[in-house]
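Participant: Chain by chain, the residues:
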Amino acid sequence: MGRRSQEWKKQLRRIRRMPLLIVGFVIVIGILVLAAFPGQIAPYNPVKSNLMHRLEPPSKAHWFGTDPLGRDILSRVIHGSRISVMTGFVVVFFAALTGSLAGALAGYFGGALDQFIMRVVDVLIAFPYLILAMALAASLGPSLMNTMIALIIVWAPRYARMMRGQVLQTMNCEYVESARAVGAGRVRILFSHVLRNCFEPVLVKATLDVGTTIMYAAALSFIGLGAQPPSPEWGAMVSHSRSYILFSWWYTTFPGLAILLATLGFNLIGDGIRDLIDPRRAKA
Amino acid sequence: MVSYVVRRLFFLIPTLFACVLLVFAIMHMAPGDPVLLLAGPESDPRVYEELRHEWGLDQPVYVQCATYLKNLVRGDLGTSLVTGRPVIQDITSYLPATIELTLVGLAVSIVGGVLVGIVATVRANTMIDHSVRTVALLGVATPIFWLGLLLIIGFHLRLGWLPGGGRIGIDVSAPQQVTRLYLLDSLISGNWAAFKSSFIHLLMPAFVLAFPQIGRISRITRASMMGIVGLDYVKAGKAKGLKESRVVKNYILRNAWVPILTMIGEVAGTLLGGAVITEVVFSWPGMGRYAVNSILALDYKAIVAFAIIATSLYAVINLIIDVMYGFVDPRITYK
Numbered sequence: 133m134g135r136r137s138q139e140w141k142k143q144l145r146r147i148r149r150m151p152l153l154i155v156g157f158v159i160v161i162g163i164l165v166l167a168a169f170p171g172q173i174a175p176y177n178p179v180k181s182n183l184m185h186r187l188e189p190p191s192k193a194h195w196f197g198t199d200p201l202g203r204d205i206l207s208r209v210i211h212g213s214r215i216s217v218m219t220g221f222v223v224v225f226f227a228a229l230t231g232s233l234a235g236a237l238a239g240y241f242g243g244a245l246d247q248f249i250m251r252v253v254d255v256l257i258a259f260p261y262l263i264l265a266m267a268l269a270a271s272l273g274p275s276l277m278n279t280m281i282a283l284i285i286v287w288a289p290r291y292a293r294m295m296r297g298q299v300l301q302t303m304n305c306e307y308v309e310s311a312r313a314v315g316a317g318r319v320r321i322l323f324s325h326v327l328r329n330c331f332e333p334v335l336v337k338a339t340l341d342v343g344t345t346i347m348y349a350a351a352l353s354f355i356g357l358g359a360q361p362p363s364p365e366w367g368a369m370v371s372h373s374r375s376y377i378l379f380s381w382w383y384t385t386f387p388g389l390a391i392l393l394a395t396l397g398f399n400l401i402g403d404g405i406r407d408l409i410d411p412r413r414a415k416a
Numbered sequence: 317m318v319s320y321v322v323r324r325l326f327f328l329i330p331t332l333f334a335c336v337l338l339v340f341a342i343m344h345m346a347p348g349d350p351v352l353l354l355a356g357p358e359s360d361p362r363v364y365e366e367l368r369h370e371w372g373l374d375q376p377v378y379v380q381c382a383t384y385l386k387n388l389v390r391g392d393l394g395t396s397l398v399t400g401r402p403v404i405q406d407i408t409s410y411l412p413a414t415i416e417l418t419l420v421g422l423a424v425s426i427v428g429g430v431l432v433g434i435v436a437t438v439r440a441n442t443m444i445d446h447s448v449r450t451v452a453l454l455g456v457a458t459p460i461f462w463l464g465l466l467l468i469i470g471f472h473l474r475l476g477w478l479p480g481g482g483r484i485g486i487d488v489s490a491p492q493q494v495t496r497l498y499l500l501d502s503l504i505s506g507n508w509a510a511f512k513s514s515f516i517h518l519l520m521p522a523f524v525l526a527f528p529q530i531g532r533i534s535r536i537t538r539a540s541m542m543g544i545v546g547l548d549y550v551k552a553g554k555a556k557g558l559k560e561s562r563v564v565k566n567y568i569l570r571n572a573w574v575p576i577l578t579m580i581g582e583v584a585g586t587l588l589g590g591a592v593i594t595e596v597v598f599s600w601p602g603m604g605r606y607a608v609n610s611i612l613a614l615d616y617k618a619i620v621a622f623a624i625i626a627t628s629l630y631a632v633i634n635l636i637i638d639v640m641y642g643f644v645d646p647r648i649t650y651k
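Chains as they are written, first to last, in the numbering used here: chain A, 133 to 416; chain L, 317 to 651.
These aren't lab readings, by the way, just hints derived from the structure by calculation.
Where is the CB? At the ideal position from N, CA and C, for every residue including glycine.
Only true hints are included.
Computed footprint of chain A on chain L, listed as stretches where at least three residues anywhere in the stretch have a Cβ under 8 Å from a Cβ of chain A: (1) 444-457; (2) 604-618.
Quick list of simulated restraints, FRET-style, between CB atoms: (3) A:Val-155 to L:Ala-423: 30 to 38 Å; (4) L:Arg-401 to A:Val-252: 31 to 39 Å; (5) A:Pro-175 to L:Ala-382: 56 to 64 Å; (6) A:Ser-324 to L:Leu-431: 49 to 57 Å; (7) A:Gln-172 to L:Asn-634: 46 to 54 Å; (8) A:Leu-408 to L:Leu-431: 25 to 33 Å; (9) L:Tyr-549 to A:Val-155: 36 to 44 Å; (10) A:Leu-335 to L:Arg-401: 47 to 55 Å; (11) A:Val-252 to L:Tyr-378: 13 to 21 Å; (12) L:Phe-333 to A:Gly-242: 22 to 30 Å; (13) A:Tyr-376 to L:Ser-359: 28 to 36 Å; (14) A:Met-277 to L:Glu-366: 31 to 39 Å; (15) A:Gly-242 to L:Met-640: 27 to 35 Å.
Partial list, derived from the structure: chain A residues whose beta carbon lies under 10 Å from chain L: (16) Leu-256; (17) Tyr-261; (18) Ala-351; (19) Gly-356; (20) Leu-357; (21) Pro-387; (22) Gly-388; (23) Leu-389.
This is chain A alone, in the form it adopts within the complex (with noise of 0.2 Å):
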């Protein structure tokens, strides 16, 4: 017990001297307490119009101004965190479950299904992802949950390939052959020894992967795809200001920077945590 413990200082002791991770997190957990508590923290409906003040700027009742149907934009953006968190945990949770257990399979057993396995992933790998993701988006239909599917589709394969990267070099692993030489099963190896060596990575590569995430549903959804009106989400209200640039710096500014800061914030997060799991990366 006494051992666990001194573990977890001296891991505490190294997170310390990141400020990056601090700053990371701290920016996290606002996001997270915003996306959980929406209602209660936010000032004003987000959805109800009022047409009385259109588009104003920031001022000490809206904070961040109004949007050009008198919405609090502080409030709309408060909402939209949700939005966006969900997506970005969702899409990359999905697609690092259903990547990796396609890499592990077509890695673990070769052959025509690693064959058939790995040509699908290298034509998904070679689309831009974002044309990929549109055309996805698109034919399903515009709509947030499509739009997270299409992202899944996008994401997965890039899972696949580190996953079989993995599991192949872990085979080659004395201890599994001796669980083999010992007669344990091919399945049984499998989950016992060789995933388990495995998920490391596809752990940190997830991480890192969540800004990043968060950052192209906005994208799909400046485009149009994406939630629709009047969903208070951030790319969405990008894209709607645009026609007012004209008018208002407000509308533009305050949900772009959510996004910067949302992206930012678990970007850092990330990068600590990858720092923190494999020092031999740890920046010079």
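Let chain A serve as the given structure and place chain L on it in line with the hints.
Facilitator: For chain L alone, coordinates are given in the frame of chain A:
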């Protein structure tokens, strides 16, 4: 080496084939109906049927796909639903714009990123290094559509210094077409006005494209160089009394290229996607904006053509990067 390149190019063909199949499969899933979009929801059912037949959309998907492939081999890319022109014509008018934007963006990313990375290494752990790394972190997290819009608000609407979109001013005529890259063409034909106009129109879009990538390349340049800085032969070089610039160039940078090249490959791939968003924000008349409009209108032929081009470009870029590995590190050989 040549056989390696030829083999790689050869593998492009099945990839493109799979690409076409994939796009047709995806488009087939569409609940939207392009003919409905074309004819309008109030149209006469006979007109609707006629349009469907005219565009070949009443055939089952695999027949459409087979017909497309048959035509593709003959070089016929079909006609666009949106513009009504042959897709090849659309491509020749829009692709050069994207190529120009992407090339300039790539050049700025590489030059800017490597230079900044070198500066950060040479002045490691100073204020310069820290600010460089901070800007890089911010750059990677910045949504480029937002950055573009902010720059337009600032430099175009408020200050009036730079144009708000398009490739060249409406008061200037496009330079004589040689490469269709405006910068080059205006230099070739000595058209100074066109060059100036094209240049200022390129400034903001290229910067917006390059900004996140400069961050990525500078980070990997710094990381790669820092990994070499502590090595013995570098110490030997410094001990010999060589000038610092020589040590940096010939001892450190020379051996740092491989991870940087890998990142450049990734950057090039990202730029293809980033160009789409940048073109939408800056009304740049390129393939990216064309692709977005085609996708939103469910214009099958245009989308497939775009997918083929994008995949081929991506594959060629990766091939160039792989060949460059061989030049940068003589220990790498290709059979």
